[in-house]
Amino acid sequence: MDQDQDLLKRCLAGDDSAWEVLLRGHTRKIYNLCYRFTGRSQEAEDLTQEIFIKVFQTLRSFDAAQGTFWTWLNRVARNHLVDHYRRTKRDRVTSSLEDELGTLEERPSPEIEPLGQVESRERKEILQLALGKLSPDLREAVVLRDLHDLDYQEIAQVLGVPQGTVKSRINRGRLELARVLTRMEGMRGPTRMGSEP
Amino acid sequence: MTHLELENLASDYLEGLLEPARKAEVKVHLSECAACRELVEDVRRVMELCHSAEELEPAPWLISKILLATVGERKPTFRQQLAAFFRPAVQPRLAYAVAMAVFSFSIIINAAGINLRKLRVEDLNPRTWVYRANRAGHLLYAHAEKFYYDLRVVYEIESRFRQLRSQPKEQEKEAPKQEPPAGGSTDSKPLFSPQLASTRSLFLATAAPVGTIAPKIGNHPLTVGSGRSLSQ
Chain R
0 MDQDQDLLKR CLAGDDSAWE VLLRGHTRKI YNLCYRFTGR SQEAEDLTQE IFIKVFQTLR
60 SFDAAQGTFW TWLNRVARNH LVDHYRRTKR DRVTSSLEDE LGTLEERPSP EIEPLGQVES
120 RERKEILQLA LGKLSPDLRE AVVLRDLHDL DYQEIAQVLG VPQGTVKSRI NRGRLELARV
180 LTRMEGMRGP TRMGSEP
Chain V
0 MTHLELENLA SDYLEGLLEP ARKAEVKVHL SECAACRELV EDVRRVMELC HSAEELEPAP
60 WLISKILLAT VGERKPTFRQ QLAAFFRPAV QPRLAYAVAM AVFSFSIIIN AAGINLRKLR
120 VEDLNPRTWV YRANRAGHLL YAHAEKFYYD LRVVYEIESR FRQLRSQPKE QEKEAPKQEP
180 PAGGSTDSKP LFSPQLASTR SLFLATAAPV GTIAPKIGNH PLTVGSGRSL SQ
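Residue numbers (numbering that gives the first Met the number 0), protein chains in the order written: chain R, 0 to 196; chain V, 0 to 231.
If you are wondering where the hints come from, they were derived from the structure by calculation, not from laboratory data. Bear in mind the structure is a predicted one, so any value in this text is a computation, not a measurement. Among the hints, a few may not be true.
Reference listing, derived: stretches of chain R covered by chain V, where coverage requires no fewer than 3 residues with Cβ under 8 angstroms from a Cβ of chain V [unchecked claim]:
1) 18–32
2) 72–84
What follows is a list of derived Cβ distance ranges for each label pair [said to hold, decoys possible]:
3) LYS26/V with VAL81/R: 34 to 42 angstroms
4) GLN90/V with GLY13/R: 57 to 65 angstroms
5) ASN114/V with SER16/R: 50 to 58 angstroms
6) GLN2/R with LYS26/V: 18 to 26 angstroms
7) ARG178/R with MET0/V: 50 to 58 angstroms
8) ALA58/V with ALA64/R: 55 to 63 angstroms
9) VAL160/R with PRO87/V: 54 to 62 angstroms
For glycine and all other residues, C-beta sits at the position ideal for the given N, C-alpha and C.
Required output: the full structure, derived from the provided sequences and hints.
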């Protein structure tokens, strides 16, 4: 993360190549964060672009005393995602779990793909569907902890809430995710995910 | 410990964040309650599923789009400009074309007899080029012709033909004295008695390589020197 600080200094000094290095280092993670929230790749790309434009415009507001650049970047991204969620709440059409499972079943037959790829794809889709069923507060906590590997302190900084609240949200998020996944398994019959160790 | 308390501690228990005493309480409860054991197991599976999830790759052009939207069109450095300028020149096609042009130019220069080290004003006149090229062509032709007639096999064939042409005239005249063939051998013996047979053997001899001519002639040795000495 010291490397980020150096790059940041160079960025602020007007070095465009430093910004490019910084961008290449973090785009993938932020894109994944956006995808976990939206579930749509095109939307995730647009959001990633908007987030980095915002970061570029507010680089001078970064305070190293309040945490690392990575934590700050996550906070900016999270705030933007929450804004986006609120902005699109009315327009969003939430389909039922059954409908989503229906579309999942309509995918190409597993006979076409190797079994390992099918399992991997199904697990990814199931996880994404299940995450979509969580409330934004719980989802972001679980995503930051279990998919982004941030520690409790970092998540507390990103979300702007006490660590106790973070712990509580993560625990509730996991429990809720487990319930959703169990329901999905029950609807689809015995799945490979259930056989995971 | 109640079921609700255990539910609240499930993540801390799985992440190893509980104090030893609290952890022991959870273990005792789990050993007694199948439903809570199943719940903890479900949470563990969720955590494993999340950790095993692969990262997705964004579209390759995403970074370029963001760069364009933030720092705009980046001005290339001097080195990049230089590389872009010479990029077409490093292609094999152009190198081949340049090599062919140099080769053609060197042929023209040689044919025109121009010495680039001692260039004179008249060397720049196209008439001089044509004259010199014409002269070089004729010299080349003369050298080739001389080389051709200096070949032994050529000379032998020609001398035989000359003999064949001269013999009918001699028969007509019925000359008592046999003259040596013009420009041919210094030997005074007659070449062949039966004309038809000699003609056939002559063609066989001409078809053979130079070194095999003498044996073919066999009983009719023909003393020949070099074309140059005889013609003199």
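Tested hints:
{"no.": "1", "hint": "18–32", "result": "holds (count 9)"}
{"no.": "2", "hint": "72–84", "result": "violated (count 0)"}
{"no.": "3", "hint": "LYS26/V with VAL81/R: 34 to 42 angstroms", "result": "holds, 39 angstroms"}
{"no.": "4", "hint": "GLN90/V with GLY13/R: 57 to 65 angstroms", "result": "violated, 36 angstroms"}
{"no.": "5", "hint": "ASN114/V with SER16/R: 50 to 58 angstroms", "result": "holds, 54 angstroms"}
{"no.": "6", "hint": "GLN2/R with LYS26/V: 18 to 26 angstroms", "result": "violated, 43 angstroms"}
{"no.": "7", "hint": "ARG178/R with MET0/V: 50 to 58 angstroms", "result": "violated, 21 angstroms"}
{"no.": "8", "hint": "ALA58/V with ALA64/R: 55 to 63 angstroms", "result": "violated, 36 angstroms"}
{"no.": "9", "hint": "VAL160/R with PRO87/V: 54 to 62 angstroms", "result": "holds, 59 angstroms"}
Of the numbered hints listed earlier, those contradicted by the structure are 2, 4, 6, 7, 8.
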